[in-house]
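With chain A fixed as given, assemble chain B onto it according to the hints.
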Amino acid sequence: MTSGSDGRRPVLTGLGAVSCLGAGVGPYWNALLAGGAAPREVDLPHLNMRATRMYRVPGAAVPEHPRRHAGVPLGAVPRMAVAAALEALDDAGIAGPDRADVAVVMGSEMGNASVQEERRGAGGAGRPRWTPLAVAGAAVGTAIGSRRGNIGVGNACSAGGYALGIASDLIRSGEASVVLVGAADGVTRVGMGGFDRLGAADPQRCRPFARDRAGTMFGDGAAMVVLESTTHARRRGARAYAELAGVAWSCDARHPTAPDPDAAQLVRAMREALADAGLRPDQVGCVLPHATGTALNDAVESRALRQVFGPGTDRLPLFALKAMIGHTSAAAGIFACLTAALVVSRARIPANAPLEQDPDCAVWLPLEGPLRLERPAVLANTCAFGGNNSSFALTGPGGTT
Amino acid sequence: MSGPARMRVTGLGMIAPGVDRPDRALGPRPVPAPGWFRVADALPGRGYRRLPAGCLYLLAAARAAAIDTGASFTGTPADRRAAMVGTNNAGAALIEEFDRTIIDLGAAELSPAHVPYMAMSMFAARLAPEHRLRGFDLTTNSPAVAGLDALQSAARALAAGRASVVLAGAVEEPPSPAQRSSTPTAFAPADIGAAILVCEPEDAPVDGATVHGYCATHSAFVPGPDHVRTVLAALWRELVHDGPPPRHIDAVLDDSAIGAAVAAGLPEHARGGGITAVPAASGGGCLTPVRRVVGRLAAPDGRGERTAVVAASAHGHLSVTLVTPAGDPGRRPLPVHTPTTSTTTKGHRP
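Quick mapping for you: the protein sequence lines, in order, are chains A and B.
Residues 1 to 401 in my numbering are what the first sequence spells out, letter by letter.
Residues 1001 to 1350 in my numbering are what the second sequence spells out, letter by letter.
Keep in mind that a hint or two might mislead.
[What the hints assert, rightly or not] Residues from chain B shown here face chain A by an in silico Cβ test under 10 Å; the list is partial:
1) 1082
2) 1132
3) 1140
4) 1149
5) 1230
6) 1285
Calculated from the structure, these hints are not laboratory results.
Treat the numbers as computed from the prediction; the structure is a model and nothing was measured.
Every residue, glycine too, gets a C-beta built ideally from N, C-alpha and C.
Extracted from the complex, chain A is given alone in its bound form (with noise of 0.2 Å):
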């Protein structure tokens, strides 16, 4: 592994979660062992629309506060997004004054919309004030005391994948030791209607490599993932799950929505996260693809696995997390990071949804399990609107490979 000066290896030490598969991330995990959520209805008025089915978060599982900050009113993503951080935070044993160091890096791109949302769909109940949609990181800074940096970062369904590239950078630089970086999104009229009208909507369930999938269906949560230098975490003595041994960005610059069909692009940024981790294609145990359940992205990332791993793609195991938790937008890649690092530290892979696999989608998705995680790193995609790709990879702590 030759992935920076080895005290700025950034290491991942503690995780947080709310999810379709509840509050927490144990229960996350044994929900993912035990197959996932299952889509339901969605209870805003007027959806008129014709996919109304979203993988929600328990109600009971949405936290009540903090209600406001700096007099925006906070709606669930951000409230969600506390909660993951605070677990996170826990998790990884960082408490009190040492919060104030911890840099918050926060990927959103509807985020707050659903309290405008809720007031324009009330009726009768006044225009509803404009305020920005990117508060959950500020939110997140103020639950923990950060006096650090706090960058939003909006890159639709990539905007995980970005947060963790800059988090990582932050830390490899030395300009902070601790990076609390995350993303959340929530269930919105525009985002679901939107999706509907360009026909990349499912009614039914998230589908990913499956002959009859019609498109993607959002989920709903927040995950947060704390990031620390090894240097640091091995100071203060941290347990680490894995190591963020590489991250690359790539653009298609060619469409607003619809992937490269050579995808050139993803495959530069898969080939560049693990040349930056230092790892061959042959000494990854498991892919969590993006596989979203739209035709042509998941046709698209199928071949784009088979240039990189080559043969190989046949015996590498691939796990669609996404038909377990629908699609969370903005927060797909922190779910993906997440899920690889337990993935990683547990050396196990969880089954995969059941499915009639489409012979166009030539992947390996085992349907039994969990299997074992034989080679451990684990790498994972996640592509956008506007072209926009990032592929990162994890390893075991100390880069074991």
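Just chain B now, with coordinates in the frame of chain A:
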């Protein structure tokens, strides 16, 4: 703890009401007159008219900045070109329009050409095909400071070798009439338009382009106004730890408790230099601070003063960009750069 990364600026572009050149960026901020932006003039050619206004501002500013830089931008391989753009409100009016359409008519009536802009990152995303940016295309969105955060993240990404040249800046678009009337203090005319800087690593070989100057941005978070003084002092110390302090401060602050506390704390860092107070709207538009950076860099012959541009949000974000014009006599020598990544693929390419 290492200080923030610095970068070199070789191109500037600025589009705003009453401002069509970077050297006018510090001028008055008039209420925009109807038709102030003429697409055919700013973006001659096809394929632009149906884009949202914010996209057009950004494309026009980026085009001007790229032309300003010249061959060192166009000669950079596409894989090594990138964009980093801040916005808070660029899609505000569109999001409201989309929701109204869904409520009143149904999602089937949404414009498929416009609906991707429900994601505000799509405004910056339009830069990528225009300028063949395949390195990355990233949007930052923290209230008020997203523009300066874009400069900071661009410098860090350049230092990490993620790109060789980055179009960095900010874009904002007018809110809808309903949003303006429901939140009259949240928007300011100054926060309409776009500003773009062409940025390169500070220590990369100069490839014939004019160097306007150098930027370094540092940021912090203030969990409440009582913390401002200590946080600001630490931030200032880390920002100027290896060079002379700024001679001037541009303070882009709103009337929130955080804004007032930052304003009260700045004089002790001015060290006899001037402070220009630039009122900001409470809604957190992020263009005005970048506009100040552009204006400071665009001073004739690079003789502008070394200036710290400060922005803070009511929510607790605090960012400062140290602007050093190319001709500043006090510009410190280049620091010794210690690489922290030893990757095989991310090193600077020619």
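Structure-based check of each hint:
For the restraint placing residue 1082 (chain B) at the interface with chain A, the shortest Cβ-Cβ distance is roughly 8 Å, inside the 10 Å limit, so the hint holds. Below 10 Å, beta-carbon pairs count as interface contacts, and residue 1132 (chain B) has one with chain A at about 5 Å; its hint therefore holds. This hint holds: residue 1140 (chain B) has a C-beta 6 Å from the nearest C-beta of chain A, less than the 10 Å allowed. This hint holds: residue 1149 (chain B) has a C-beta 5 Å from the nearest C-beta of chain A, less than the 10 Å allowed.
With a least beta-carbon distance of about 8 Å to chain A, the hint placing residue 1230 (chain B) at the interface is held under the 10 Å criterion. Against a cut-off of 10 Å between C-beta atoms, the interface hint on residue 1285 (chain B) holds, since the closest Cβ of chain A lies about 9 Å away.
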